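Trainee: So the chains spell out like this:
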Amino acid sequence: MSQEQEKNYLENGEGFASWFFTVDHKRIGIMYLWAIGVFFIIAAIASFLVRFEHLTPGQTIISAHTYNVLFTLHGSMMVFLFIVPGVAASFGNFLIPLMIGAKDVIFPKLNLYSFWLYLFGAAVFMIALAAPADTGWTFYTPYSIESGANVILITFGIFILGFSSILTGINFIVTMHKLRAPGMTWDRLPLFCWAAYATSLLQVLATPVVGITLLLLIGERYFGLGFFDPARGGDPVLFQHFFWFYSHPAVYIMILPAMGIISEVMPVFSRKPIFGYKAIAYASLAIALISFLVWGHHMFVSGQSKLINVIFSVITYAVAVPTAIKVFNWLWTLYKGSIELSTAMLYSLAFIFLFTIGGLTGLFLGALAADVHLHDTYFVVAHMHYVMIGGTVFGFFAALHFWYPKMWGRMFDEFKAKIAFVLIFIGFNVIFFPQFILGTLGMPRRYFNYAPEFQSLHQLSTYGTWIGAAGFILMLWTLMRPLPGKAPGNPYRSLSLEWSMDSPPGTFNFDEIPTITEPVYNYGTKIEEES
Amino acid sequence: MNWLPTSASTFAPGVDFVLWLVTIISVISCILIGFLLVYFVIKYRRKSDNDQTPAITHDSFLETLWTVIPTILCIVIFIYGYVFYDQYTTTPKNAVEINVTAKQWLWTFDYSNGKKTLNELYVPIDQPIRLVMQSDDVLHSFFVPAFRVKQDLMGNRYTYINFTATKEGVFDIYCTEYCGTAHSNMLGKVHVLSKEKFASWEDGSAKKVQKASSNLPPAEVGRQLYSDKGCVACHSIDGADGVGPTWKGLFGKNRIFADGTSILADENYIKESILYPGEKILEGYGPVMPSYKGLLEDSDITAIIEYIKSLK
Amino acid sequence: MGFFDVTSKVLKSIAYPSEMVPSIDTEDDGHHHFDHETEHSGAKLGMWLFLATELLLFGGLFAAYAIYRAKYPDMFQHGSQNLNVVLGTVNTVILIFSSLTVAIAVKAIQENRIKLVKIMLWITIICAAIFAVNKYFEYSYKFNLGIFPGTDIFYSIYFAATGVHMLHVFIGMAVLGVLLRKVYKGKYSKDNYTAIEIGGLYWHLVDLIWIYLFPLLYLVG
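Protein chains in written order, with my numbering: chain A, 1 to 531; chain B, 532 to 843; chain C, 844 to 1064.
Quick caveat, the hints were computed from the structure, so don't treat them as lab data. Computed from a predicted model, the values in this text were never measured in an experiment. Mixed in with the good hints there might be a few duds.
Dumping the calculated DSS-like pairs for lysine-lysine here, alpha-carbon to alpha-carbon at most 25 Å [what the hints assert, rightly or not]:
1) B:K574 - A:K336
2) B:K646 - B:K634
3) C:K985 - A:K109
4) C:K978 - A:K109
5) C:K887 - A:K178
6) B:K578 - A:K336
7) B:K646 - B:K824
8) B:K646 - B:K624
9) A:K486 - A:K7
10) A:K418 - B:K634
11) A:K109 - C:K1028
Chain A on its own, in the form it takes in the complex (with noise of 0.2 Å):
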């Protein structure tokens, strides 16, 4: 064993060269990890200030405009700056090499420039924080053409970012076809790996159009090339229709890899195979490629033809179904197991919760008549939430909690992090379940006055936001105070290949490349096949 495999890898170099400069995917997972947190916690104080506004209608503590530019604020930085790169750069980087037996991604200076292309593109985003825009994350014209702040530079931020996802998401599609270890054939992936993958080609296929609808808003504010300007004889219909066909694969994108996660940590903690593993993986792939024919559902009002809305509210309908088939796989995973409730396990299952009330509510969104009365109503915000929140960020946190071990070779305290985990999922349930009725009531959303009616609903939607914090700085208190001594290899038992060796690994992750022989969820012990 060489000199360097003796360390593992957060020990092998020192100083602030050794990790901006390093191509070790893991130490560039790492680095993601703490850039996105950061990114989330600024956002999530946007919208906690966002909230605190609501306690009264009218005029709580912050201006109209400035009201604007928090929701857009929150609503951008969450989306570009966590949520898409989000669970795939960071744990994607780090677990897809160990998980697959391989020494790294196949391109690791490619992966690092990913990493500088992000900061760079966070940097400019930020620097457009001195004109904070005001349009909503979703930049629609003509607003975001008048309006006086600084769209260019954020619009361009974000095209930046978009950069780093397409090469991430290259990256790991070429990884996973060129680097699997001998015996891992497509059957035997981890299906955290299949999220990865489904979630790449997104990346790398709807990405580039978000590219081009951006450049040419830009070129709108610049030179007023009229696409997207009723003034200049363009449509601004047709910017919607730009932009959400990259921004409804985005939220796939957004919710794959936490599925994947989902899907590891359920084997390990019932002791079981995951139920129906080719159903998932295919599941996966439907759900991306159906993904990019129903963008039209954000537009049932736009003044699109009754023609374009029947097609895609029945498309709309297709791709709930595999969704729905995976929630019942997972399951299914839990019958007949050896259930430990571990913190990771927690969120899990509320993850299969709260994301089927998610998933359910976007059955009232895709049906014509329903959406008429909830299209940009509170409806929509809560649906949108429960996915992202219940959905990504729940697995997400379970992701923090499990690979934590592996990640920093130390333990965590269990009961303060399942004590946090209950805050959070009363909290988020608290600020998030009022606001589906706040939309069945006609509230509409982005809205900074409200009417008198609704005021205790949105109050008890405020109270929600303390009750999360608390859990939210809990269970960053508990991760940062990490128990004493050295934590195992494998102190969940798992069957993966990325337990397979030291807490933390290894630089260069193996000493020998393993061949793999058998399934990937090779827990139970009998085979019961029931027909």
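Given the coordinates of chain A, work out where chains B and C should sit on it, guided by the hints.
Mentor: Here is chains B and C on its own, set in the frame of chain A:
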């Protein structure tokens, strides 16, 4: 508590049916999944580190069941969603057209008899109405929760809403496509009147249809107009800064304009600002205010002036 | 590390990435280096995926073209007639020719004919430069006539599409330039030519996009 607004149009029952349908399906699904989650977690909780677990990876019956049933439910929901939507988007033959124009941050309605109203839409009950809508500037969206109707408005083409009101009363209009700073104050009201009352409103024989406001002091009338006519969107009454200058303490003060001139704010100044807002732009503000010429009667303007006077 | 140390390190690492990898040497370390065949086929797959993203990027522009041409057919006919077909044709021929030369360069390196590689890469880059100069003339002519992006929708499409394309020509020139410099340094041979092959692929895409743009913009009238 009530989770739906009052149902006041012919479209609303269809929408509510779909909402109820999906709610019931969702509640049953959530209870089922929630129950199974909790039940499995308790029944199959770990008893020892060496628990024997069966390696179950498939179950054709279950997998078929949970593929087919969601598919059928989705088809059913789609169909009902479509059927009612189809009715909504089919213009009835005897529909009366009203033109709607949206601009930052108010609504104007033009009726076929030449009448024009600001932020208040008057329609008779049980009469199919077709709104022909357009925006003067950015995207807006016309939303009446009680009717369950909504449609975006844009600058390069007309869009339409069909509705038939089924209840007399006053119902909220919201703008529901984010349109800038005062988006949440771009409010209006639909007044659904009986056929008789509507006829008298239409030919002008009714003075003020909302209340017996001729008995109210002008400043009170002005206070109502401040909300109803949308002044609230841009002008505060408590000194807070907004899109436009605050009305608090405005009357009788010296106003300094962008071109350096100044004037004492009296009744004439206020009236000119309402009808010809571009004439004198206050220092620090832009030429944003639309004109209310033709949208407010002289008595309205007088009432507003009296109200402003009362805001010391 | 001081600010200037870090800055110079960053600049160096971008210019000379293979020299800047502390403690993990991807060139000679047997532990980390992936076998040549894997790297080669992986790089090609990666480049094809990247080309797919470029197609989608331009796809948006082509979609805008189709929608607005259907909406304003006369404006498009009129605008197209005002474009310089001669210059456009010359540019098309130049670009197609440059695709040929870069393809020859790829074949040449596979046969270790270094001198031929250099000549072909030089010609490709010069062709790209001529293309750029022609476009400069075209644009200035239009500007002098008071025609700018935003003058009308057709010209907006024209400037946006050819502008984004021109940006890719510049990127291609830079890529080919870096490859050429490395050829001079002796970095490539018949056993190590992946970079030239994928650089060539990129250049072919730049050419292909123009082949679609040219008739749609110049030959409509």
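Trainee: Taking only the CA atoms, is the gap from A:K418 to B:K634 under or equal to 25 Å?
Mentor: The given pair, whose Cα atoms are some 51 Å apart, is violated under the 25 Å limit.
Trainee: Does the alpha-carbon distance linking A:K486 and A:K7 stay inside the 25 Å limit?
Mentor: 14 Å, holds
Trainee: Regarding the pair C:K887 and A:K178, is the alpha-carbon distance no greater than 25 Å?
Mentor: 11 Å, holds
Trainee: Please verify whether C:K978 and A:K109 have alpha carbons no more than 25 Å apart.
Mentor: 35 Å, violated
Trainee: CA of B:K646 to CA of B:K634, is that 25 Å or under?
Mentor: 19 Å, holds
Trainee: Could you grab the alpha-carbon distance between A:K109 and C:K1028 and see if it respects the 25 Å cut-off?
Mentor: OK: A:K109 and C:K1028 at ~21 Å, within 25 Å.
Trainee: Against the 25 Å threshold, does the CA-CA distance of B:K646 and B:K824 hold or violate the hint?
Mentor: Judged against 25 Å, a Cα distance of about 13 Å means the pair holds.
Trainee: Would the pair C:K985 and A:K109 pass a check requiring their Cα atoms to be no farther apart than 25 Å?
Mentor: 43 Å, violated
Trainee: Would the hint linking B:K574 and A:K336 be met if the CA-CA limit is 25 Å?
Mentor: 8 Å, holds
Trainee: Quick one, are B:K578 and A:K336 close enough, alpha carbons at most 25 Å?
Mentor: Status holds; Cα separation ~12 Å.
Trainee: For B:K646 and B:K624, compute the direct alpha-carbon distance and say whether it is at most 25 Å.
Mentor: This hinted pair holds, its Cα atoms lying about 23 Å apart.
When each numbered hint is compared with the structure, violations occur for hints 3, 4, 10.
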